[in-house]
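A.B. asks: Spelled out from the first residue to the last, the chains are:
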Amino acid sequence: MSQSKITRSSINRFFNRMPLHLAVIGLMLIWLIPTIGLLVTSLRPVQSINTNGWWMVMAAPPGMESYNQYCGECHGPDGSKIETADLSDPAVIEQYPRSIQLLGMLRQEIDGQPHMGDLELPSAQEAADIAAQLKKMAGGEVTPRLTLNNYIDALVGYRGTNNYVDDCEAGAQAAGMNCNISDLLNPRGMGRAFINSLIVTIPATILPILFAAFAGYAFAWLDFKGRYWLFAILVGLQVIPLQMTLVPISRLYAQLGLNGTFWGVWLFHTGFGMPYSIYLMRNFLGTLPRDLFESAYLDGASHWTAFYKLAIPLAMPAIAALAIFQFLWVWNDLLVALVFLGGKHPVMTYQISNMVSSLGAGWHLLTAAAFLSMLLPMIVFFAFQRYFVRGMLAGAVKG
Amino acid sequence: MANNATPQIMKQGRLTPWLYLAPAIIVMGFFIIYPMFTTIWLSFQNRDGTQPASATCVEGRPCWGMFENYRYALTAELNTSTIQTTWQTFWTSSYGNTIKWIAFMVSGTVGIGLFFAVLAERVKYEALAKAIIFMPMAISFVGAGVIWGFVYDYGAGDKQIGLLNAIITGLGFKPMAFMSTPGANTIALIVVGIWIWTGFCMTVLAAALKSVPDEILEAARVDGANEWRVFWSVMVPIIMPTITVVVTTMVINVLKLFDIVYVMTGGNYGTEVIANRMYTEMYINFNTGRGTAVAVILVVLIIPFVYLNIRRFLEQEAMR
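Chains D and L, in that order, give the protein sequences.
Residue numbers for the first sequence, in our numbering: 1 to 399.
Residue numbers for the second sequence, in our numbering: 1001 to 1320.
Nothing false has been slipped in among the hints.
Simulated crosslink set (DSBU-like; lysine-lysine; CA at most 30 Å straight-line): (1) L:K1210 <-> L:K1124; (2) D:K309 <-> D:K225; (3) D:K135 <-> D:K81; (4) D:K136 <-> L:K1159; (5) D:K135 <-> L:K1159.
Think of the hints as simulated: they come from the structure by calculation, not from any bench.
Looking at chain D on its own, in the form it has when it is part of the complex (with noise of 0.2 Å):
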């Protein structure tokens, strides 16, 4: 008795819940799905990402679909039930490698009956469809469902029409490419770029989060004059806009000749990032007891002892929530490198963005490439997400 009105409730409960785990599950995936999409095309031969949408990959090709319908029934499902029309044999196949010869060929009539009996002719696009279908059967050139060639032509920044694999193993790569891992270093390619970006986003974390260590330390624990006023300004420096300060800056990058140098992208790192960076130390380091300070001047401390023996590990957990937004941020960033960089030390973003606009359609390249520029923000995200968290909500805004 008492068992199965538990059992009720809880179907009760469960049904009175569905309206929220659809809402909470069909969001998820409204969230998840645009990602999955790049990832899984990143990964589809070029041919069938331009055949149909991701989420065929794993349907049968469209044209065994159509060869069924169309030839199928007469030719056997391998196409070699007719001895005087072996659909299996590549020296037949040869002669209708596209949709026009085909449907030319399938209006023609045999012993004077029409090719295809009462069937209707396939449409142009059933006809391409078939043809490439033949092919395979035919032994030819079989497409893999997945690759990781579009991953290896990103890296390299290959742009051939074929791809660097294959054109490399038959010799014929394009001018520049030697076919070994100095291709990684091509300035078009995303292994250039990864590089780049590491090279501009280490120092930039490192030198602003160093600064702000010693900053933060003056305004929790040191006494000066206008100490208050200095951090009201500091707030509201967060919120000014790159924008407002590219241009002087580039005007006198030019003239120190510090255009399209690392020095001159990190130090604009350091300086931009300072404000939010200080303003996190300083509320952390705030908020330590007291008295660890003053038994510590006690025993004879300095300023600088208790900064780095006593501030600097406490403050650890700032420390690196600060490294992983400051991290994100320069990885991520478009118009810095776009300003000061350019395409003299191209990062992933710019090599991206350059992509978009001079490839148009090259969805192989990428949606690889894209994936390849997501892929250590993601790992640093999913590892570190607690105090990535824990920054966000202990700061306001910058940029």
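Following the hints, position chain L against chain D.
C.D. replies: Only chain L this time, still in chain D's reference frame:
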């Protein structure tokens, strides 16, 4: 001043604080303060900063003297022949588009973020659900542009490899070139922005919701309020300060937003926004005066939020 008397717990030389502050102040002075003033000055100069802006005026054309660059920045996109055309062109100008961005993106991110924060709290897979909504925050705008460019892809033939057009044609409608249809394209870009930033709003709002005391919610439920009522009359008023912070943060973010438009349409087909226009004037048309004038207008729009930010900080300090 609440905090003025704080530390003084250790002896310090008079210069010590400034030694700690020096690196930060130097880089900020060099990269933020100094260029801000130079930008303002340049916005009153001609295209390469060699002459005052008034020198670029042309006889017989409207001219605002030293504010010539501002005249250009504010009116060049408008067709001012009649009030009606002015109104129409305003809504396809960078200013009209920026207003659309603010209206739709802020309400979208905060609305969906709050909705999801409330819902996710009630399911067992809360952490996973939140991580998925939050994930786009780790992706660059450029990457997001590619992801959504593919969703919006438009095939001229009967084949659609873009998800959205495949759904539309599957339902029997005509496919649509999202990126080059004025009006629809700005909305399509805003959707990308919402996809990226909802995670931020959700996380901050969820943290605020968690801090609402359970007793208050229980008391309201005991008094017979349904969940809907509890949400609007209890939760929302309690977390209102956080909602305000999130909204102002989002408005600032939207005003500064550049990458999505730059990557997906380049500001073409009537999708221009203020932040991208500054880039276009400066680094494509190479007109320093006009570019900086757009930048100054952007900052003027942001100044109220600088004020809000400082005021909020002062209030927080007073409470410490």
